[in-house]
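**Q** Each chain is listed here by its residues.
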Amino acid sequence: MSQSAVIDIRDVSKQYTVKNEVLPVLERLSLTINPGEFLSIVGASGCGKSTLLRLLVGLDREYQGEIQVGGQRVTGTNLDRGIVFQEHRLFPWLTIEQNVGLGLENSPWDAAKKKQAIKEHIELVGLTGFETAYPHQLSGGMAQRAAIARGLVNQPSILLLDEPFGALDALTRSRLQGELQTIWQREKITMILVTHDVDEAVYLGDRVVVMQPRPGRIRKVVEVDVPHPRDRSDPALKALTEEVRAEILHVSPEN
Amino acid sequence: MAQVDLAYKITAADDAAADDAVDSAPVRRLAFYYRRLLGRGVGWIVPALTLTLWAVASRHEWVAPQILPAPAAVAQTLLEQIRSGDLFLNFGISLGRVAVGFTLGCVLGVVLGVSMGLSRRVEDYLSPIFNAISQVPVLGWLPLAMMVLGIGESLKFVIIAHASLVPVAINTLKGIRSVPRNYIEVAKAFQFSKRQLLRKVVFPATVPAIFVGLRYGLTQAWLSLVTVELLASSEGLGFMIVWGRQLFQLDLVLSAIIIVGVVGLLLDRGLARLERRLLRWQPVWDLTGGGT
Amino acid sequence: MSAIAASFTSLRFRRGLVVPLLVLVAWELITHYKLANVHLLASPTAVLKSFAVQAKEGELFSQLLASLRRDLSGFALGSLAGLLLGSAMGTSRVADRLFGPSFDAAKQVAVFAWIPLISVWFGNGEPAKVVFIGLAAFYPVVVNTYQGIRSVSREHVEVTRAFRFSRLQTFRKVALPAALPAIFSGLHLALIYAWLATLGAEYLLAPAPGIGNLMIDGRESMAMDKVLLGVILAGLIGFSLNAAAARVEAYFLRWRVRNA
Numbered sequence: 104m105s106q107s108a109v110i111d112i113r114d115v116s117k118q119y120t121v122k123n124e125v126l127p128v129l130e131r132l133s134l135t136i137n138p139g140e141f142l143s144i145v146g147a148s149g150c151g152k153s154t155l156l157r158l159l160v161g162l163d164r165e166y167q168g169e170i171q172v173g174g175q176r177v178t179g180t181n182l183d184r185g186i187v188f189q190e191h192r193l194f195p196w197l198t199i200e201q202n203v204g205l206g207l208e209n210s211p212w213d214a215a216k217k218k219q220a221i222k223e224h225i226e227l228v229g230l231t232g233f234e235t236a237y238p239h240q241l242s243g244g245m246a247q248r249a250a251i252a253r254g255l256v257n258q259p260s261i262l263l264l265d266e267p268f269g270a271l272d273a274l275t276r277s278r279l280q281g282e283l284q285t286i287w288q289r290e291k292i293t294m295i296l297v298t299h300d301v302d303e304a305v306y307l308g309d310r311v312v313v314m315q316p317r318p319g320r321i322r323k324v325v326e327v328d329v330p331h332p333r334d335r336s337d338p339a340l341k342a343l344t345e346e347v348r349a350e351i352l353h354v355s356p357e358n
Numbered sequence: 002m003a004q005v006d007l008a009y010k011i012t013a014a015d016d017a018a019a020d021d022a023v024d025s026a027p028v029r030r031l032a033f034y035y036r037r038l039l040g041r042g043v044g045w046i047v048p049a050l051t052l053t054l055w056a057v058a059s060r061h062e063w064v065a066p067q068i069l070p071a072p073a074a075v076a077q078t079l080l081e082q083i084r085s086g087d088l089f090l091n092f093g094i095s096l097g098r099v100a101v102g103f104t105l106g107c108v109l110g111v112v113l114g115v116s117m118g119l120s121r122r123v124e125d126y127l128s129p130i131f132n133a134i135s136q137v138p139v140l141g142w143l144p145l146a147m148m149v150l151g152i153g154e155s156l157k158f159v160i161i162a163h164a165s166l167v168p169v170a171i172n173t174l175k176g177i178r179s180v181p182r183n184y185i186e187v188a189k190a191f192q193f194s195k196r197q198l199l200r201k202v203v204f205p206a207t208v209p210a211i212f213v214g215l216r217y218g219l220t221q222a223w224l225s226l227v228t229v230e231l232l233a234s235s236e237g238l239g240f241m242i243v244w245g246r247q248l249f250q251l252d253l254v255l256s257a258i259i260i261v262g263v264v265g266l267l268l269d270r271g272l273a274r275l276e277r278r279l280l281r282w283q284p285v286w287d288l289t290g291g292g293t
Numbered sequence: 076m077s078a079i080a081a082s083f084t085s086l087r088f089r090r091g092l093v094v095p096l097l098v099l100v101a102w103e104l105i106t107h108y109k110l111a112n113v114h115l116l117a118s119p120t121a122v123l124k125s126f127a128v129q130a131k132e133g134e135l136f137s138q139l140l141a142s143l144r145r146d147l148s149g150f151a152l153g154s155l156a157g158l159l160l161g162s163a164m165g166t167s168r169v170a171d172r173l174f175g176p177s178f179d180a181a182k183q184v185a186v187f188a189w190i191p192l193i194s195v196w197f198g199n200g201e202p203a204k205v206v207f208i209g210l211a212a213f214y215p216v217v218v219n220t221y222q223g224i225r226s227v228s229r230e231h232v233e234v235t236r237a238f239r240f241s242r243l244q245t246f247r248k249v250a251l252p253a254a255l256p257a258i259f260s261g262l263h264l265a266l267i268y269a270w271l272a273t274l275g276a277e278y279l280l281a282p283a284p285g286i287g288n289l290m291i292d293g294r295e296s297m298a299m300d301k302v303l304l305g306v307i308l309a310g311l312i313g314f315s316l317n318a319a320a321a322r323v324e325a326y327f328l329r330w331r332v333r334n335a
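Residue numbers (my numbering), protein chains in the order written: chain A, 104 to 358; chain B, 2 to 293; chain C, 76 to 335.
Don't read these hints as lab results, they were simulated from the structure.
Check the hints yourself; a few may be wrong.
To be verified - From the structure, some residues in chain B lie toward chain A, with a derived Cβ separation under 10 Å:
#1 G42
#2 V43
#3 G44
#4 I46
#5 P48
#6 S179
#7 V187
#8 F191
#9 Q197
#10 R281
#11 W282
Model, not experiment: these values are computed from the prediction.
Think of the CB as a built atom: it goes at the ideal place given N, C-alpha and C, for glycine as much as any other residue.
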């Protein structure tokens, strides 16, 4: 897979038309994402962050403006950009290893290499031993880990995560955040995380993009200049978290 | 009781919820033992009672024996039928007809359901005739079918195939239409071709629905088989019923009815077993494609 | 262009007409050029003629009414019994365990298979016919009522437990309303089956005024146009009953939230 490329978002806007009314979702968003960085996008509900992610991965194709990855315009999905959804979306009729293998369905590798990759990634997310289990036999956290393995197995240079831990309990969420950070440090690929959890955003991201709703715009980009691996009790992190939180709350007093 | 529709998946927890609270402790303990004791056997109570009532009624001749033969007589007739080979002959013929008709109907049903589900165009062309065929019950077409096909084997095959085809097609169609969008987006993210999408996502996701259709189709096939044999055949279980009536030998009629009921039940339960084995991955059908 | 006119010229509608028209043309051609066994198949025109004759001389209307009366009595009988059994099995686990297996077994026997027995036990007259029609209506009502009541969401039932509802209260206030869509669909199905059973009963049991009678007459005098007329009329009435039932269903369930 190619080395991580620069992601260029220029003047991107998007609207939804509901019953003859035009609702702006994103308004002239511009952002540059550097290769290998961990970017968090945070904001209240309705700020368009998930929409932006879907545009980046190519599941939505209608927008104004430019989205380019490595100089190429994004015109649809691509194996180079992986995605992890909020629901694990594992296929219930496949075992865990078959689900992870789904990411290699269209890969040119030979069977042996694929098998190896699947094994490694199952190990990476700590699910060794559960290869032949079915999704319904796993807890929510485990299933989501399998989904992450699936997203990474074909070694994309960019991984997009849309509120991946939103459906999990606080303890599992905490643990998986740590694991995600470890994985990112190992894989060294670009990761873009969308979340409404400010702590999560600051803990994981090199930069935190704060978005404001109606219409979706970037309010501020906060640099998190804290070395990895990070400690949650680090005062620098805490200060930045408060700063980001203040930005969000300041935006929408009536929320 | 056998479940027919995917929308009504009942879990064991619902069973518990349906129970009423019995307050006092001794009563509760009694109820507990009562339940453990009877457990599986409860289902046999009603048949046993019916049998007893029947035996008593015929013993005391509350009704003339021509109208209500004794259970013993019916059992004897049944044994004779088995011994003389007549039963197996008729049973075999019936089963053979179902086998052919049901297979035909299922294949056609799946093909129809899939093609209408995947192509709006095909659906537009076939809808009216499909609605006519599916909304008018099979027996409604029988007189017409008899006119066109006569009363040979082809009539039976066509009627049985029709009866199986309708539920299979409808459920397959529903299944294809209700593949969760969530899964389709995953396939998109992994650049699945249309073919891959169909083979790896749409069809596996549709299999449970197809099975629901198959089970319902088998029941309908068995029902329509007996009906056609009643009305237009000179062999088979359905014919046995009519023939017994003609000879005013109700023991023959009753034994045939019992066989029909038992075989039907076995067929249904058998298919249910098969379904459970093949669909081991599916304890709760979660339509969001994600966490429970 | 009005909405109705637009729907008639829509692509969908036009495509849908293709096959039925072909069938009609084929029918006419087959009978006209004697491509199939013409003794058994009358032409569309012959059927129309027969209709005119019957309407004038054959008291078509009263025959129709007789059939409908039979149909609705049997339907009412069977549906009521079905609602009772279905509700009982749906609300009481004991009743379910008791009657379930026997009902499942009985369900496997085609309704028409009971006719020989019914003709012996109830004779050949009206009571036998109504019983048979009732039987045909009985099964679908039981099945659908049972499923409807059992599909009440666990969450709702737990609320009734929190408020210490009695069994009857739970049934009346929660189970029954929630089961209404399924019950209606069961009644709808029962209506269709009852109509078919009506025709079957008229055809197979003793002759009496009714559409089935039309078909018996035709069969005996080898007047296939009469038989076909009976079949078509039966079909039309069945279709109308179906449409009416669908309307009623839609009306009563207007306020219900449809489960996706």
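**Q** Look at each hint and say if it fits the structure.
**A** Structure-based check of each hint:
About 32 Å separates the beta-carbon of G42(B) from the nearest beta-carbon of chain A, more than 10 Å, and the hint is not met. Below 10 Å, beta-carbon pairs count as interface contacts, and V43(B) has none with chain A, the closest being about 30 Å; its hint is therefore violated. Look at G44(B): its Cβ only gets to about 30 Å from chain A, farther than 10 Å, so that hint breaks. For I46(B), the interface hint is violated, the least distance from its beta-carbon to any beta-carbon of chain A being 36 Å, above 10 Å.
A hinted interface residue such as P48(B) counts as satisfied when its beta carbon comes closer than 10 Å to some beta carbon of chain A; here the least separation is about 37 Å, so the hint is violated. With 10 Å as the threshold, the beta carbon of S179(B) stays out of range of chain A, its nearest partner Cβ sitting at about 14 Å, so the hint is violated. The interface hint given for V187(B) is met, as the beta carbon of that residue sits about 5 Å from the closest beta carbon of chain A, less than 10 Å. Because the closest C-beta pair between F191(B) and chain A is about 6 Å apart, less than 10 Å, the hint holds.
Taking 10 Å as the C-beta cut-off, the interface hint given for Q197(B) holds, the closest approach to chain A being about 6 Å. Because the beta carbon of R281(B) sits about 7 Å from the nearest beta carbon in chain A, less than 10 Å, this interface hint is met. Checking W282(B) against chain A: minimum C-beta separation of about 5 Å stays under 10 Å; hint holds.
Violation of the numbered hints given earlier is confined to hints 1, 2, 3, 4, 5, 6; the remaining hints are satisfied by the structure.
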